[in-house]
Amino acid sequence: MTSGLRKAHKYIWLALTIVIPTVMAFAIKDLQFPAKNTQTKTGIPRNSAVVKGVENDVAWLILTKYQTISVNLKSPLKHPSSLVYELNKDGSQGRFLGQLTNSMIVHHFEIEKPISGIIIYDALKESEITKLTF
Amino acid sequence: MGLDYQLVLWNKHKKTYDKIIAFSMLLYIILFAVITLVFNAETSIETLVIRAFGSLAIIMLHIILVIGPLARLNSNFLPILYNRRHLGVSMFIAALIHGGFSIFQFHALGDVNPIYSVFTSNMDYASLTNFPFQVLGFLALLILFVMASTSHDFFLGNLSAKVWKRLHMLVYVAYALIIAHVFLGAFQQETSVFTIGILVIGFVIVVSLHLITAFKEGKIDAAKAEEKEGWLKVCDISEIEEDRAKIFTVENERVAIFKYDGKLSAIHNVCKHQGGPLGEGKIIDGCITCPWHGYQYLPGNGQSPPPFTEKVATYALKLQGEMIYINPDAFNEGTEVEPCNY
Ligand code: HEM
Ligand code: FES
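Same order as they appear, the protein sequences are chains D and W.
For the first sequence, this note's numbering assigns the number 134 to the last residue and increments by one with no breaks.
For the second sequence, this note's numbering assigns the number 342 to the last residue and increments by one with no breaks.
Because the hints were derived from the structure by calculation, they are not lab data.
Warning: the hint list may mix true and false statements.
Straight-line C-alpha distance at most 27 Å; calculated BS3-like pairs for lysine-lysine [as the list claims (entries may be wrong)]:
1) W:Lys263 <-> W:Lys282
2) D:Lys10 <-> W:Lys162
3) D:Lys7 <-> W:Lys224
Residues on chain D that point at chain W, a partial pick, calculated with CB under 7 Å [what the hints assert, rightly or not]:
4) Ser3
5) Arg6
6) Ile12
7) Thr17
8) Ile20
9) Met24
10) Ala27
11) Pro76
12) Thr101
13) Leu124
Glycine is no exception: its CB is placed at the ideal position from the N, C-alpha and C atoms.
With the rest of the complex left out, here is chain W (with noise of 0.2 Å):
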């Protein structure tokens, strides 16, 4: 792969992240303030928070759902990659406080409990253009409250990477609900060209960083390799740059053959923490480290060094020359293997 290693320094960066984080939704709360009240001196307090955190999070959204295409596409977003679950956070934040001060404005004066009055206030489920889209948006922050509050990696560990990345595939369905909350309700009332027009050209830009990286990964799963008796035929050992890997496809399943120290091993590509590419790292200290956030596994059996327990699954290589082979066949995680000496 011709992506460029990065080493994270993990702690600091993050640091730095979230203080830009904090310090760009401050920046954009004001202006809109500013603006706003230039426009319309007598626009509410409640009605500008509502306003503006609103269009804060959509924003915030947008960026998150471009993030992972973007780092894929182009390895110099990976930084940004690193920091998307604080921006996940931050972004529940702003829509918590936008829709806090919806229910508190429109909901929490009757006297019926606010949450069930954002339910069956308006009961026209039927119409399009009189949807109770606050609804919509109620059942998207949810969502977001259930993403933001398992984003940590103790729920990781503990929900299984497999249940935790089902969960935060949900940010799509949080997406859906979000568009419709907003044509469905804000756009009826607001109805201005320019706001939708944002709306669907950020909705082409998403939906199309998402389908071409799609199909360009999908390329690169559908590849068939030449077999020889059982083996599949990888590269040349010249091909593969000391101390990184070739990634290479063995019945769908993404391989990192590393060459290292005379030596070849092959273990499966895919990091336990969250997913992140191992090939596309670099052996540090005689471990493969993850290009993400720096997790670690022995070559040799694809076990993290002791005190962690991670293990991937791993795979036997032979040469025939200078040609590498694999076996496609993958051993449990964690097996030891004889690298293959060069």
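Pulled out of the complex, with its shape left as it was, chain D reads as follows (with noise of 0.2 Å):
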């Protein structure tokens, strides 16, 4: 290399290391973390009483007392990435739980306040795969 390339070299990494943990950071920051969550092969969890249970083509969805929803896919997904919301009872988009995998385990989302149902949402094509509400 010729001293002119080393140096061009210096500052490209000196303008990359500015800019690169600056995108992170901002990425970082408004990441929304997965609300608490567990999984279970069977059913809801024991010694969990069921307050309100609602179905569609797509899922079943239980709220049980210990405020935690659960949720069942009813057949393999086809979305990449099926991303599970609270439904606000004004029927807004609420906080973001997690992620719904697999259609054989059931996924148990702690809630903070009562919600009206879930949206369940395909970040990747932008698009609702399918609604439940109580």
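Starting from two chains that each stand alone, build the complex the way the hints lay out.
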């Protein structure tokens, strides 16, 4: 390398040292981390009483009195990213709860306040997969 | 320089490295598929392909980016440097499979052109978390395509080494685009401290290696020598080994001063092929031989022996007692200079 090229490389890396962490910081700052969640192979956790339940052709949704909702897909999802959001009382999209990965397991998410249901959303196609309302 | 000279058995090594690259890529894809399917048997083939090749490409890119500085810091890494281009082309192929499958899965089913769809299906360019991250991946892939398709020596000759080097520095732009692609895309849905951590650590390693090397090399470039009537003092003859060189900085440019057959000759240190450090090479069959890919130059005139046509600049030397002095004004490339006898 000539000294000019070496200098060019140095300045590019100094610039990247600033640019890349900035992008990372902004992206991380706005990340929505999933709510507390667990997965089980069979139905709702023991010793939790069912408060409400609904189903449609995509999934079952159950609310237990321990402030947990349980979601079970009826068939494997075609969507590579199926995100679950709370459905607020006013019908708007609420807090991010987590991902649905598999129809053979039940996904349990902790919720903090009363909700009227959930939205299952495909983040890659940017489209709503389904909505379940109690 | 304290770097050991290693003769490159170019063709033999090249094939072995290619096999290692292909085998490692295959192994990674298989492991990725097995582990993913063990954890979630419902993962679709498309998703599996997209994720396996996307992650493979970014891992390979990190390896490619650290080879350069590692080879400067430790000559044991030089053999990998020789084959970096093949690693680059293989990385492009992995990225192409990832991007191709993504376009096919997410954009090929509508009635608009899939490429047009990558740019327009999400127009939220002002948002950060909902940014159309696939556009960033697409632009990075374009850069990788240009680099991979011009990587052959044919283009190096036709584009001139300068344009080619500039073109290949675009890899840094591609790196930034890809980091943004992953942070604004995959991480927004697959939020895991583990994967974010890996990329952050990867970045820290890549950037520190480059900066350490840059500052170290910058110091060598800035070295000032003692001057005497327009000539710069280099070193004592005994400090140079037979058939090897001493690298010396003359007005920010490095010069290689070779000692051979009772003679001394100085040429510009930068190989015309890909900028390899000639002064870390050795004289073989009377020719200065580049340590990177074996291009050769005659010490007396900086010209490659016929039929080759490469030429590097030459410099005048003189001896006072045992002390070597160099004239900092370079002669034109390929100028014959009477070697200094001792
Ligand atoms: C046409 C160009 C590209 C498109 C359309 C594209 C699309 C995508 C999509 C849709 C995802 C999310 C996949 C998922 O979560 O299932 C993704 C993730 C990712 N992409 Fe790309 N991409 C492109 C180019 C690239 C390039 C050039 C690289 C790197 C060399 C890259 C590296 C990654 C990585 C590391 C991820 C996250 C992990 C993964 O899911 O594989 N992408 N990309
Ligand atoms: S850089 Fe390739 S032979 Fe010198």
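task = Have a go at the serine 3 of chain D hint: is there a Cβ in chain W nearer than 7 Å to its own Cβ?
result = holds, 4 Å
message = Can you verify the interface hint for threonine 101 of chain D: is its Cβ closer than 7 Å to any Cβ in chain W?
response = holds, 5 Å
key: Interface hint outcome for isoleucine 12 of chain D [beta carbon to chain W under 7 Å]   = holds, 5 Å
request  = With a cut-off of 7 Å on the beta carbons, see whether leucine 124 of chain D makes it to chain W.
outcome  = holds, 6 Å
ask   = How about isoleucine 20 of chain D: closest beta carbon in chain W under 7 Å, or not?
value = holds, 5 Å
query = If you take the shortest Cβ to Cβ gap from threonine 17 of chain D to chain W, is it below 7 Å?
reply = At about 5 Å, which falls below the 7 Å cut-off, the nearest Cβ of chain W leaves the hint on threonine 17 of chain D intact, so it holds.
task = May I ask you to test the interface hint for methionine 24 of chain D with respect to chain W, counting a Cβ-Cβ separation under 7 Å as satisfied?
result = holds, 6 Å
message = Hint proline 76 of chain D vs chain W: min CB-CB distance below 7 Å?
response = Holds - the Cβ of proline 76 of chain D comes within 7 Å of chain W, reaching about 4 Å at its closest.
request  = Grab the minimum C-beta distance from alanine 27 of chain D to chain W and call the hint holds if it beats 7 Å, violated otherwise.
outcome  = holds, 4 Å
message = Min Cβ distance, arginine 6 of chain D to chain W: is it shorter than 7 Å?
response = Holds: closest Cβ of chain W sits about 5 Å from arginine 6 of chain D, inside 7 Å.
ask   = Within a Cα-Cα threshold of 27 Å, do lysine 10 of chain D and lysine 162 of chain W meet the stated pairing?
value = holds, 17 Å
ask   = Are the Cα positions of lysine 263 of chain W and lysine 282 of chain W separated by 27 Å at most?
value = holds, 14 Å
Comparing the model with each numbered hint stated earlier shows that all of them hold.
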